[in-house]
Amino acid sequence: MRFLPAGDLAVCVELGEEISVEVNTRVRALEFLIQQKGLTGVVETVPAYSSLLVYYDPRVVGYDPVCAAIAELVPQATTAVLPPPRTVELPCCYEDPDLGFDLAAAAKRLELSTDDLVRLHAGAEYLVYFIGFTPGLPYMTGMPERINIPRLDTPRTKTPPGSVGIGGIQCCIYSVESPGGFWILGRTPVALYDPSASEPTLLRPGDRVRFRRIDRAEFDAIGVAVAARTYQPVIS
Amino acid sequence: MIRILDAGPQTTVQDLGRTGQMRYGIPPSGPVDRFAFVLANRLLGNPDTAAALECTLMGPRFEVTAAGAIAVTGADTPVTVNGQDAAGWATIMVKPGDLVKLGPARTGVRSYIGFAGGLDVPLALGSRSTYLRGRVGGLQGRALKKGDELEVFPSGPVKLRRVPRGEIPDYTGEPTVRAVPGPQADRFTPEGLRALFGGRYEVLPQSDRMGSRLRGPRIEHARGHDIISDGIALGAIQVPGDGQPIVLLVDRQSTGGYTKVATICSSDIWRVGQARPGQSLRFQSIGVEEAHRLLRESDTALEAAVREEIA
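Taken in order, these protein sequences are the chains called S and X. Number 9 in the numbering used here belongs to position 28 of the first sequence; there are no gaps in the numbering. Number 390 in the numbering used here belongs to position 291 of the second sequence; there are no gaps in the numbering.
These are computed hints drawn from the structure, not numbers from a lab. Think of the CB as a built atom: it goes at the ideal place given N, C-alpha and C, for glycine as much as any other residue. Any given hint could turn out to be false.
To be verified - Simulated coverage check for chain X against chain S, where a stretch passes if three residues somewhere in it have a Cβ under 8 Å from a Cβ of chain S:
(1) 122 to 135
(2) 151 to 160
(3) 187 to 193
(4) 359 to 366
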């Protein structure tokens, strides 16, 4: 464990130097404990793969005391303290090349049929390590080793929201139109970010995500329901 | 209430910003120059949290439709009311029908227009601040445009106040900005750190509320420029593979995968936000305790800056 100063308003608590479920679980457990205990002077927290950025108010608490208070919680930061995770089911249309525009190329690169690639991707359960980059964008792992693929050589400048992409061991879903280097296999019609909703982001750190294969007709139908605000994603 | 006749290139509603949303990827937003923003409110007797306008390089032209008071701070911008010069860094009383115009900034980038009572726009995730990329907060999540009408909360009687000339920040020259090394200072060579804390860095035009892009002596990495993505604090100096720094501001991405060599102190970050493209900065390395002392000093300076006018 290391405490790294991030200016005068934040400290980065590094719990490991690897991307693993084990380290990330401890990060999220530490965040949960800090929130629960209401540590003096802590303003907000941002979990990432293996570290937690803790924003504090130096008018209320100094650097050494806030680090000491966090350090005291670290030994208790294990899976046991976390509430049971939510599982969010996201419909995903893989079959239309207008939506999953890299599916055929990714399958070729991986020497798989497109159907096998979709089966492997949709069959897995993903863990949301954290949310970042753009509002509501989940950084997830859980992909079968067989579909581990290097990121695109040349990132594209625009990726439509809802695009489901893979790169390395990661799977991500673009929440707003943004540049990106992932191979896009399909698209979900569900909005991960809706600025006019009372809770604008759908996913939270620690969520489990499952994809459900849908055809283009269902994609369009759900899209209509999402626009009309009548669609409720399946969360258990 | 005010009616916008000409919005200027990027005028947005801001308050002190959002908290608790960075874990969902939503940045705090709020004013790039918190010091000038807070003074605009204090000149009007508003709480520091009241919503005001942030203007970029060129302010708006607007019509006042109800009696009240305004104050303009930040970038040195000519202000006129009905064509008559009015003072910046001071309370300006306005009445219905008055036409207020801010000209192009002579020095600095961001000016602030405070309104007695504060701007009345809906709270979005606990804040009135506009986050343009996320289309949230302020007026429908966007910059102002011609024809917009903004309501102002009722205010009590306003006293005439001003900031004495000696307390007005100077946005010209080559400011020295203090920064705490880290969180990834150990990923850079000693030469790289010497470059950062010894060289001049010029502000590039591709700078915005998300970050200021700088160009100067290469800040050399010791072992690669990529890290396992982590959270990005206000003022983080991110250094991608080209060795050129990007200072992350209020609309920054919540997390990122580039090394951050140092983090600019919160009491100095406005100097970066007010530096124009072409202007240069220098960096000075300080410790966390020293940065906290500077923040207390800055709070005290804010307390002392506003004086009541003596008739």
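Verification of the hints:
With a cut-off of 8 Å between beta carbons, the segment 122 to 135 of chain X has 4 residues touching chain S; three or more are needed, and the interface restraint holds. For a cut-off of 8 Å, the count of residues in the segment 151 to 160 of chain X with a CB near a CB of chain S stands at 0, and the three-residue condition is violated. Remark: the segment 187 to 193 of chain X is not confirmed as covered by chain S, as 0 of its residues place a Cβ nearer than 8 Å to a Cβ of that chain, below the required three. Using a Cβ-Cβ cut-off of 8 Å, 6 residues of the segment 359 to 366 of chain X lie near chain S, which meets the minimum of three, so the contact claim holds.
Hint violations for this structure: numbers 2, 3, all remaining hints satisfied.
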